[in-house]
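Novice: Since the structure of chain A is provided, determine the placement of chain B on it from the hints.
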Amino acid sequence: MSGGTGRGDTPQGPPWSLDLLADYHAGVLDQQTADALRAEIEADAAAQDVLAALDATRAELAALPAVSAPDDVTARIEAALAQEAAARSAGSGGGAADVVDLAAARRRRRRILRWAGAVAAGVAAVLAVVCSAVLPTRSADQQASPPAGSTSAPQPLALTGSVASLTPEQFAQVVRSEEYEVLDHPEDLLACLQANGVSASKPIGAREITLDGQRALLLVLPGGEIGQFRLLAVGPECGPGNPATLSDATFGG
Amino acid sequence: MISKVQSVPAPVSSDVDLLAAHNNGDPHAFAELFRRHKDRLWAVALRTLRDREEAADALQDAMISAFRGAASFRAESQVTTWLHRIVVNACLDRVRRQQARPTVPLPDSGPGEPAVTRDAIDERETRLAVQDALARLPADQRTAIVLIDVQGYSVAEAAQMLGVAPGTVKSRCARGRLKLAKLLRHLRNPSADANVPSNEKETWRREGR
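Residue numbers (my numbering), protein chains in the order written: chain A, 6 to 258; chain B, 633 to 841.
Quick caveat, the hints were computed from the structure, so don't treat them as lab data.
Please read these numbers as outputs of a predicted model, since none were measured by experiment.
Please note that a few of the clues may not be correct.
[Said to hold, decoys possible] Examples of chain A residues toward chain B, derived with CB under 7 Å:
#1 23
#2 31
#3 65
#4 78
By construction, the Cβ of each residue, glycine as well, lies at the ideal position given by its N, Cα and C atoms.
Just chain A, with the same shape it has in the complex (with noise of 0.2 Å):
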């Protein structure tokens, strides 16, 4: 009989059962147990060969390719956490004077790195309009990442067609910003949301755009349905009395 238990409650060998060896090799055997065999399946060739499979087994698995979370599986997943976000905030009484606060603040500290990067701002946006333009395809990491150098706003996302329309990188690049000061008086978001009929969601997102070189402010808005989002956009003008609708569309749903 080989592999069995005899002194005490140490297993004997050669030869060894490969659920033994494998229970050794994974550190299961108690320290006691382990430390009896060492010296014997050190010195066992066939045992060695078993944890030399074990052990290259271990090496492929460790040389299995990297893999990275896709774009759309994000993007996907971080509008499904911005709905839940803005279904907490609507939850807990936060309303749009909150979004009016936040804007100002944002907007203070906005201006300034405008005045720091001004003029870098203006090429970088035209330069992102052209190749927008020749560059549909471009992914919306590559669109958000400013240029060397610059630490200024990211250049609006150029959009065509009538309807404002993304892909699911765009939409979550767009549910990541918040750039109320798009509109020429940020602190009447309120009342152009108003204006628009939007009395009771606040803003998941504001990003700045142009719609067929218009520039605008796109907001996405809850859109009623679980995975439903209203894409609104708005002229800078939008204001109390006057919604400046460039595009109203939804997306998801």
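Specialist: Structure of chain B alone, referenced to chain A:
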């Protein structure tokens, strides 16, 4: 000479800071946490479920669950461990649901896997074989091996992620590696296995049982 504006790096929030900000109502903190760890979480989901859409659904379910349950996080574990545990649970829930269905092996170069760029054909074939072999393991063994041997987590971390004792993780790895070694033909003579009655092996003392 072209002078570049030196950008000052923004202070990096820790995972715990982000989670605290999320719990205090910051609408963007959790998304930042997701972006920070999404690749590792995706890898675990994809390797465990072997199906791109299933993995995407599981990861989304897990992130929504974590978003809503963030207040239950306890600082004795790392945020990444906590997130992994939620993802692993979401994956295993789906495994249980799909057990009656046939398995769908990963494509050799689908959107979830990077294209093979090396010239060595035999290496490519070996790697595909590893994926196929992993697919043949029971889910509990596969998940333990994915966490430890593929993703490189420690036994202690994997035990927290799986919600089992460290000894159980080691045992699952031992069983899984043995099967893989046979499937990958590193063990060319499985008949060399000694004829040991299984009830005798159960008498050996093991850790963590």
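Novice: All the hints need checking, so say for each whether the structure fits it.
Specialist: Status of the hints after comparison with the structure:
Look at residue 23(A): its Cβ gets to within about 4 Å of chain B, closer than 7 Å, so that hint holds up. With its C-beta approaching chain B no nearer than about 4 Å, residue 31(A) sits inside the 7 Å limit, and its interface hint holds. Among the interface hints, the one on residue 65(A) holds; its C-beta lies about 5 Å from the nearest C-beta in chain B, closer than the 7 Å criterion. Residue-level restraint check for residue 78(A) holds (minimum Cβ-Cβ distance to chain B is 5 Å; threshold 7 Å).
Consistency with the previously given hints is maintained throughout, with no hint failing.
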